[in-house]
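Peer 1: Now for the letters of each chain:
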Amino acid sequence: MARTIALLTDFGVDDIYAGVVKGVINAVDSAINVMDISHSVRPHAVAHGAFLLYAAFEYFAPGTVFCVVVDPGVGSTRDAVAVKTGNYCFVGPDNGVLWPAARKDGIKQIVTLTNKDFFLEAVSATFHGRDIFAPVSAHIARGVPLSEMGMTKENLLSCALFDHEVSEKSACLKILHIDRFGNLVTNMRFDDIRFLQEGAYRIRINSRSAAGIFTTYAAAPENALFIIKGSSGFMEISVKNRSAADFLGAAVESGVSVTYEHA
Amino acid sequence: MARTIALLTDFGVDDIYAGVVKGVINAVDSAINVMDISHSVRPHAVAHGAFLLYAAFEYFAPGTVFCVVVDPGVGSTRDAVAVKTGNYCFVGPDNGVLWPAARKDGIKQIVTLTNKDFFLEAVSATFHGRDIFAPVSAHIARGVPLSEMGMTKENLLSCALFDHEVSEKSACLKILHIDRFGNLVTNMRFDDIRFLQEGAYRIRINSRSAAGIFTTYAAAPENALFIIKGSSGFMEISVKNRSAADFLGAAVESGVSVTYEHA
Amino acid sequence: MARTIALLTDFGVDDIYAGVVKGVINAVDSAINVMDISHSVRPHAVAHGAFLLYAAFEYFAPGTVFCVVVDPGVGSTRDAVAVKTGNYCFVGPDNGVLWPAARKDGIKQIVTLTNKDFFLEAVSATFHGRDIFAPVSAHIARGVPLSEMGMTKENLLSCALFDHEVSEKSACLKILHIDRFGNLVTNMRFDDIRFLQEGAYRIRINSRSAAGIFTTYAAAPENALFIIKGSSGFMEISVKNRSAADFLGAAVESGVSVTYEHA
Chain A
1 MARTIALLTD FGVDDIYAGV VKGVINAVDS AINVMDISHS VRPHAVAHGA
51 FLLYAAFEYF APGTVFCVVV DPGVGSTRDA VAVKTGNYCF VGPDNGVLWP
101 AARKDGIKQI VTLTNKDFFL EAVSATFHGR DIFAPVSAHI ARGVPLSEMG
151 MTKENLLSCA LFDHEVSEKS ACLKILHIDR FGNLVTNMRF DDIRFLQEGA
201 YRIRINSRSA AGIFTTYAAA PENALFIIKG SSGFMEISVK NRSAADFLGA
251 AVESGVSVTY EHA
Chain B
1 MARTIALLTD FGVDDIYAGV VKGVINAVDS AINVMDISHS VRPHAVAHGA
51 FLLYAAFEYF APGTVFCVVV DPGVGSTRDA VAVKTGNYCF VGPDNGVLWP
101 AARKDGIKQI VTLTNKDFFL EAVSATFHGR DIFAPVSAHI ARGVPLSEMG
151 MTKENLLSCA LFDHEVSEKS ACLKILHIDR FGNLVTNMRF DDIRFLQEGA
201 YRIRINSRSA AGIFTTYAAA PENALFIIKG SSGFMEISVK NRSAADFLGA
251 AVESGVSVTY EHA
Chain C
1 MARTIALLTD FGVDDIYAGV VKGVINAVDS AINVMDISHS VRPHAVAHGA
51 FLLYAAFEYF APGTVFCVVV DPGVGSTRDA VAVKTGNYCF VGPDNGVLWP
101 AARKDGIKQI VTLTNKDFFL EAVSATFHGR DIFAPVSAHI ARGVPLSEMG
151 MTKENLLSCA LFDHEVSEKS ACLKILHIDR FGNLVTNMRF DDIRFLQEGA
201 YRIRINSRSA AGIFTTYAAA PENALFIIKG SSGFMEISVK NRSAADFLGA
251 AVESGVSVTY EHA
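Protein chains in written order, with the working numbering: chain A, 1 to 263; chain B, 1 to 263; chain C, 1 to 263.
Chain A with its partners taken away, still in its complex shape (with noise of 0.2 Å):
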C-alpha cells in the first residue's frame, strides 16, 4: 500500500507555509513520503490549481493521497472535503479545485471534514492547510477511513476548465496555463482539434500568422508561433527558443482566437 502525500499548493516557494505542512504530516508520521508537485498555483486561483491537479494526478502510483489547498474562502462558509475516487484520495477545499481530477477518476465517496480529532488542536482561521488538510491526509494516508473523517457530501463543487466555442473557421480558447518555457497551454485537447484532421491550412493566432502545427519544437521554424500537442494532451501555442507568452502578451485565464482556412 502506497503511503504517499503529493502537495498541490498557492504557498509559493517564498515562505515557510509548505515547509510547515510536511512538518504537521511528518509529525503524524515520519514514514509518509511526502512529494511536492507544485506550490506555485497562482494566488488564490481555483481553476488553476485545478488544471494543474488535473495535469499531474495521474501520473502517481495509485493510493495516493493529494492535499489541495488553494482556498482563497478559507474560514468562511465552503467546506473541506475528502474524496475517494477509484485510485486515489483528494483533501482540500471544496470550491471546484479538486473537481476535474477526482471526476476523471470517478468519485467514490465525498467527506465533510468535521472530526476535530484529524486536525491540529488550535485551529486558525486563516491556514487550514496547516490545521485541517495536512493532518487529516496524514491520517488518511496511514489508513483511517474516510467515513470517520465527518459526513456523506453528495457533490463536489465544479469547475468548468474545458469549456471552449468551436466554430468551421475559429476557436476561441482559453488559456489554462504558461510554463516556464512561456508555452501556453489551451483548454482544448489536441486530439479533440477538428480542423487538423484533413487538408493543409492557414493558421492564425489573436490574429497573427502561425507557421502551423508541429510534432516537436525541434521541427519548428524560428521566431514563429505554432501549435504543438502538450505534454498533458491539449493543444499548446509556442515560439522555438521564445516565449509564446510573451510573444503574444498572454496571461493565465485570458483568451486566445485561433482561426484557420484551408491554404
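Simulated from the structure, these hints should not be mistaken for lab results. Heads up, some of the hints might be wrong.
Identical chains share a label here; the pair holds if one copy fits it or two copies do between them.
Once the Cα atoms are required to be at most 30 Å apart in a straight line, the calculated DSSO-like pairs of lysine-lysine come out as [to be verified]:
id	residue 1	residue 2
1	Lys104	Lys153
2	Lys108	Lys84
3	Lys240	Lys174
4	Lys116	Lys240
5	Lys153	Lys116
6	Lys169	Lys240
7	Lys153	Lys108
8	Lys84	Lys104
9	Lys174	Lys104
10	Lys84	Lys153
11	Lys84	Lys116
Since the structure of chain A is provided, determine the placement of chains B and C on it from the hints.
Peer 2: Below, chains B and C alone, put in the same frame as chain A:
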C-alpha cells in the same frame, strides 16, 4: 525516535546549494528524512531567518533536527553551534538566528562545533552549510550525542525580534516578514494588542485609514487595510485580495505605525 | 546499497514538471529517495546544467542515480542515455550535459535508452523527462542493469566548459554561473591561477579595479570587486554584501577579463 532534518536557509531555489546540503546528509545516512522549511530567507538576513524558524519549528515532530544556514559571517570568528532544547535540536551559526526558537523551546545544552570528525574532509571558507552544518546535523540525527561534537558553551547570541513600543494611542512595530500574498507580519503577538480589548476604535496604519480588525480574509471589505490574527499568532496587516505590502510600500524590517482612538 | 535519485532540470519551480517526474519515480518504487539538486538550470542551457551537475555530484552518496533533464533537442535525433561511472549513474539526453561530471568520475559504460519496457506506456514528443528519464532512473535505482536498457554506445557528446585563455598579464574567462548572492563563478579552477602564486598584484576585472584576493567574504572590504576561492573550487568574483553580477553587469556565459600586473 524521529530521524528528520528540517532545512531553513537563505540559499534560494535558483542554485544547487540546498541540493548539495541534502546530498551530504543523504550520504551520511540515507534513512534520514530531509524536509525543506524554506530556502527563501532574505540573503544574509539573520533576523528574518530567526523569525521564520520561530514561526515554523513547533509544527515539526519532537526529535527533529533543524539545520539553519543564514550565515553572513561564514569564515569569520562566529561560532558554529548545536543546541539541544526541550524537544528539538538546532544546528547553525551562533549569530542570533537560532535564539528565538531555541529559547522558546527551553535551552538544555549548547556546544561549539569543533570536532572535525563530523565535518566533511575539506572544509571551505565560504560554505559551512555543506561542510559543517549538514554532516553534523546528520550525525546528530543518527544519534551521536552533542557532547562528542565539541565544548560546552554558556550562551547563544540573542536576537531582539519582538521589541516594540506601545503607548495608549499608538504602537511602533516592525515588519518581520511579508508572505506571498503581501500580508505583513508584525512583531507584536496578536493576543498582546491591548487596544483591541475594549470598545470600538478608529485605526490608522502608517497614517492611512484601516477598516478594523477581522477574523477571516473573507469577512474583510475590499480595498482597505485591516488587521488580522496571522497563522503564526502575530498581528498581521492585510488588504483583501491584494498585497498590503504594495498598498503601503512596506518592506521587511521597515517600521510600521498603528494609531488608534475611540470611535 | 543506496537507492537515491537526484534530480537536476531546467523545469523551474513554477510548474508541475518536477512534481510529475517525482510521481513517476514514486510509482515505480515508493522506497526510492528522490532529492532535488535544483530545477533552476537556465532554460535549455546545456552548459549551465553541465556545470551545476559537475559542481554538485560528488557530494552525493555512491550509488546515487542522477536524472538530468536539460533537453532542448527533445523529440529530435539526440540520444537518450544512461552512463555508469566509477561511483554513480547518470541518466539524461546525450547533448553534453552529462559529460563533465561523468568524465570526472570515470566512464565505465554508456547505453542508448531504447528498451520501451522501461518507459511510460505513452511516450510524448516533448517531455522525455517524465516518459523516459524518470522511469528509467527508477528502474536503475531498483537494480536493473544498464545492459537491459539498450545498446552500448562508444562515446558521450562532450561539453567544453573549462576552456579559457591565460597569458602572463591577463586571463579571458567565462562565467559559468551566478549564485543567489550575485557571486560570479568563472570557469578557471582557483588553484590553477598562476598569477596568485607570487608577489603582490594590481588586478582589474573587466577594466575595473579589484581589491585583491580574499579567503572569506568577512575579510573583504566593502564596495569593491574581489577574487575568492568559491565553494566548488573555482575562482569566483564577488562584492561584499552586494551582487557582483549587478556591479559588473555580467551574465551567465558572458566573458570576463582579468588583468594583473606587479604592484
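Peer 1: Each hint needs a verdict: does it hold in this structure or not?
Peer 2: The hints, checked one at a time:
For the homomeric pair Lys104 and Lys153, the shortest alpha-carbon distance inside one copy (18 Å) is at most 30 Å, but the shortest distance between copies (42 Å) is not. Taking identical chains as interchangeable, the C-alpha atoms of Lys108 and Lys84 lie at most 30 Å apart only when both belong to the same chain, with a minimum of 5 Å there against 46 Å between chains. When the C-alpha separation of Lys240 and Lys174 is checked against a cutoff of 30 Å, the pair qualifies both within a copy, at 21 Å, and between copies, at 26 Å. For the homomeric pair Lys116 and Lys240, the shortest alpha-carbon distance between copies (28 Å) is at most 30 Å, but the shortest distance inside one copy (52 Å) is not.
Proximity of Lys153 and Lys116 under a CA criterion of 30 Å is satisfied intra-copy only: 17 Å inside one chain copy versus 43 Å between copies. Taking the closest pair of Cα atoms, Lys169 and Lys240 come within 30 Å of each other only inside a single copy of the chain (26 Å); across copies the shortest separation is 42 Å, beyond that limit. Proximity of Lys153 and Lys108 under a CA criterion of 30 Å is satisfied intra-copy only: 11 Å inside one chain copy versus 49 Å between copies. Proximity of Lys84 and Lys104 under a CA criterion of 30 Å is satisfied intra-copy only: 12 Å inside one chain copy versus 40 Å between copies.
Only within a single protomer do Lys174 and Lys104 lie at most 30 Å apart by alpha-carbon distance; the minimum there is 20 Å, versus 48 Å between protomers. Taking identical chains as interchangeable, the C-alpha atoms of Lys84 and Lys153 lie at most 30 Å apart only when both belong to the same chain, with a minimum of 12 Å there against 47 Å between chains. For the identical chains of this complex, Lys84 and Lys116 are intra-copy neighbours only, at 20 Å inside a copy versus 32 Å across copies, given an alpha-carbon limit of 30 Å.
Violated hints are absent here; each numbered hint is respected by the structure.
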